[in-house]
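In order, the protein sequence lines correspond to chains C and G. Using the numbering used here, you'd call the opening residue of the first sequence number 33 and step up by one each time. Using the numbering used here, you'd call the opening residue of the second sequence number 642 and step up by one each time.
Hints are computed from structural coordinates only; laboratory data are not their basis. Errors might be hidden in some of the hints.
Distance condition first, Cα-Cα at most 30 Å in a straight line; then the derived DSBU-like pairs of lysine-lysine [as the list claims (entries may be wrong)]:
1. C:Lys359 - G:Lys898
2. G:Lys672 - C:Lys383
3. C:Lys146 - C:Lys265
4. G:Lys966 - C:Lys289
5. C:Lys349 - C:Lys359
6. C:Lys227 - G:Lys682
7. C:Lys375 - G:Lys854
8. C:Lys383 - C:Lys311
9. C:Lys296 - G:Lys898
10. G:Lys672 - C:Lys375
11. G:Lys672 - G:Lys682
12. C:Lys383 - C:Lys296
13. C:Lys287 - G:Lys1013
14. G:Lys966 - C:Lys349
15. C:Lys375 - G:Lys682
16. C:Lys406 - C:Lys349
17. C:Lys146 - C:Lys73
18. C:Lys166 - C:Lys208
19. C:Lys168 - C:Lys132
20. C:Lys73 - C:Lys132
21. G:Lys1013 - C:Lys311
22. C:Lys359 - G:Lys966
23. G:Lys672 - C:Lys311
Keep in mind the model is a prediction, meaning the values are calculated, not measured.
Residues per chain are reported as follows:
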Amino acid sequence: MDIELSTEDLAFRDEVRAFFSENEYKPGEDYNQWRLDWFAKAREKGGWDIPKWPTDFGGPGWSPTQHYIWEQETAVVNLPWDMPFGIGMLAPVLMAYGNKEQQERFLPDIRARKVNWCQGYSEPGAGSDLAALKTKAVLSEDGSHYTVNGTKMWTTMAQIADWIFCLTRTDDSGIKQQGITFLLFPMNQQGIEIKPIITLGGAHTINTVFITDVKVPVENRIGEEGKAWTYAKGLLQHERTGLAGISRSIIALEKLKNQAGTVKRGNATLMDEPGFRAKVAELEVDLMAAEFTELRSLASASAGAAPGPESSILKLKGTEIQQRIQKLTVEAGGIYSAAWGAKPVGPSFAKGGMGGYLASRAYTIYGGASEVQKDVIAKNVLGLKRSR
Amino acid sequence: MNFELSDEQQLLQDSVARFVSDNYDLESRTKLVAGKSGFSKEHWSTMAELGWFSLPFTEADGGFGGNQIDTMVVMEQIGKGLVVEPFYASVVLGGGILRRAANQDQKTALLPGVIDGSRQLALAYAEEQARFDLHDVTTTARPDNGAFVINGHKSMVANAETATQIIVSARTSGGQIDENGISLFLVDADAEGVKLENFPTVDGLRASEVTFKDVSVDASNLLGELDGGFSVLNETANDAILALSAEAVGAMEVLYKDTVDYTQEREQFDHPLSDFQVLQHRMVEMFMEYEQCRSLLYRATLEAAQGDSATAQRTIHALKHMVGKVGSFIGESAVQLHGGMGMTEELRIGHYFKRLVVIDAQFGNADYHLQKFAA
Ligand SMILES: Cc1cc2nc3c(=O)[nH]c(=O)nc-3n(C[C@H](O)[C@H](O)[C@H](O)COP(=O)(O)OP(=O)(O)OC[C@H]3O[C@@H](n4cnc5c(N)ncnc54)[C@H](O)[C@@H]3O)c2cc1C
């Protein structure tokens, strides 16, 4: 055991920093062009555009320490806008279960950020109980295509997605985990209707997607018919490990401390108030531990071991920490956090605090709701029998 | 000892509850919130006709002669319906100052309009540097030949947009944080030098930033004693905390009950969600905390109504602390247990949650009042 960064690690960190500062966004630049260029340049560095992909698929093959350094450094810079669905969620499934043709067809565009994907898992009747999904896919008699009918719900960014990866039911004769099939199809076609869902902060990020008689060629099926439950579960694991956001939280907490330090209380500031200070300190303590929990998890993953018990707690702890930081930001803003007009009122940081707090309530709902995640840990890690 | 409402209070509660159930489903509320003034003038007139605005004023002042208990009865139902008409801002805050500080002439001129609803009030007390301290006042009022000239900036003023008069706290002597030297003035909302910047708040209500630039008011617009405004302001703030807490308790009741209902309807894993023990326990916690808030609300309201101000003051701090803490616990839990549905604007629970978050920040949040309580 040792936590010293080696000379190579320090050199790597400098290289990462240099890359970020050389490729910073300059005001006035065409954002989308900058974004695509950024990823292209990161690619030239040897897979920096896809840090988590395995080397077989072009990934950089970093050590856990390098991943950790990357996480830390990316938390403080403005990375180009990116969505997790293609890069982080679909790609691992394609690598593990897609055939060569499918990999060659889809992975390059995912990598180049040319195609936006959305995740069509949840349905009105299938949330935590994902296997209850009902969207029907029927194979044509000649075996050339499926016809898909059903409703997907909560689909993030469906309104800008080019493609969807979708769980469908091809057989409902057995237990519900059987008969689920993984299909890919374009969003921009007849038979797909998108209805926005407005969330508490007033934003439109999620949607209901109605699918009517959409034809999907069999070539767009990943893996075998009816076997997708296994593939999907693997994918959820990827989704979850991406959601802890520990490095970002460390930065967010620092920012919050600075902000609270500008809120005057007589000769002191909000940071000197015992109640507020104690909550900040508790967060700091939890983050110090979580940072090392994440490192332990990275280390065991790179040793090729199955994710250890420590990794299962990261999503739960990480999201809870993010929510607490958001809540404290609202508290720091005081009554000004309530202002909901276009112009900021009160301390400059108060605007945005409330929207962030409200949105953060979803962190413990999506990617496996906390209550259900704890069931999973009880069963898989502690070896307990399922309760009710 | 008796925790039953009197017959009159019971009638009042029934009448407010009926008004709310007749007029306040989520859809109607959403329309009002999006409308020009942010509330319904018709509802406002109905409330006046039902006599709600006369409650806190003495019979001599043309009122009903009620006390904090009557206000609690109304505010709890307002909380259950998320009512947006400015009863709290105009009657509890504005009215609270007038009934304590106004002289006979001022009362004769103003109270009939407040009671019949033709006059709306706003109380401009908050300043950015003050955070939650009522005595931290930089707005000034300078005597000038039988008049006062007011300069300064007040923040997050509820109902300034539709108020006919704004009551403003201003420093007439002393240093920035002295309790002595604060005076209260009545200013016409359309007086020269009064500038409003209006905006919505996240809970569906409205607020304004109000700037006073060389606003000249006649000395007859001084409310109460020169330099002696703080105690009036503080007593009115206590009324406000009681009222907001009653509103919060009403909102909490809706949240926990809606959650109990929803988890019985929604099925996952071939069971209603309410079958899962961890959710049952969470709902039991929500229920227990809600009952605790109600108890403390009664305690504080009864102590205040009895006029025992030192005891009541401490209980009011305790109450506002608990309401803030429990409000976010119940709101966040309701959202969590509704899953994705809880995150949408389509269900009413999110709107109650947002109101509770804002109530925590009004007149001092949970931390602030715990500190005052422990001091
Ligand atoms: C902002 C947002 C974005 C989303 N984006 C996507 C997306 O892009 N694609 C997609 O497919 N889905 C998406 N989702 C859906 C998300 O995955 C579901 O909301 C989640 O799976 C929970 O399902 P549900 O909302 O139906 O809640 P439910 O499953 O109805 O759960 C409600 C509550 O009951 C609890 N509960 C459920 N079962 C149990 C149990 N057995 N024991 C104890 N407690 C239980 C849950 O923990 C939760 O608190 C998104 C959701 C949100 C809010």
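Just to be careful, I want the Cα atoms of Lys359 of chain C and Lys898 of chain G compared with a cutoff of 30 Å; is the pair within it?
Status holds; Cα separation ~24 Å.
Given the hint that Lys966 of chain G pairs with Lys289 of chain C, does the C-alpha gap stay at or below 30 Å?
With a Cα-Cα distance of about 21 Å, the restraint between Lys966 of chain G and Lys289 of chain C holds, given a limit of 30 Å.
Sort out whether Lys311 of chain C lies within 30 Å of Lys672 of chain G, counting only the CA atoms.
Violated: Lys672 of chain G and Lys311 of chain C sit about 39 Å apart, past 30 Å.
Lys966 of chain G paired with Lys349 of chain C [C-alpha distance capped at 30 Å]
Status holds; Cα separation ~21 Å.
Within a Cα-Cα threshold of 30 Å, do Lys383 of chain C and Lys311 of chain C meet the stated pairing?
holds (21 Å)
With the threshold set at 30 Å, check whether the alpha-carbon distance from Lys166 of chain C to Lys208 of chain C stays at or below it.
holds (10 Å)
Taking only the CA atoms, is the gap from Lys359 of chain C to Lys966 of chain G under or equal to 30 Å?
holds (12 Å)
Are Lys146 of chain C and Lys73 of chain C close enough, with their CA atoms no more than 30 Å apart?
Holds, at roughly 15 Å.
Assess, step by step, whether the Cα of Lys349 of chain C is no farther than 30 Å from the Cα of Lys359 of chain C, and give holds or violated.
holds (15 Å)
Satisfaction of hint between Lys854 of chain G and Lys375 of chain C, Cα-Cα up to 30 Å:
Holds, at about 21 Å.
Verify the proposed pairing of Lys73 of chain C with Lys132 of chain C, using a straight-line Cα cut of 30 Å.
holds (26 Å)
If you draw a straight line from the CA of Lys375 of chain C to the CA of Lys682 of chain G, is it 30 Å or shorter?
holds (27 Å)
Figure legend: structure checked against the earlier numbered hints; hints not met, in rising order: 6, 9, 23.
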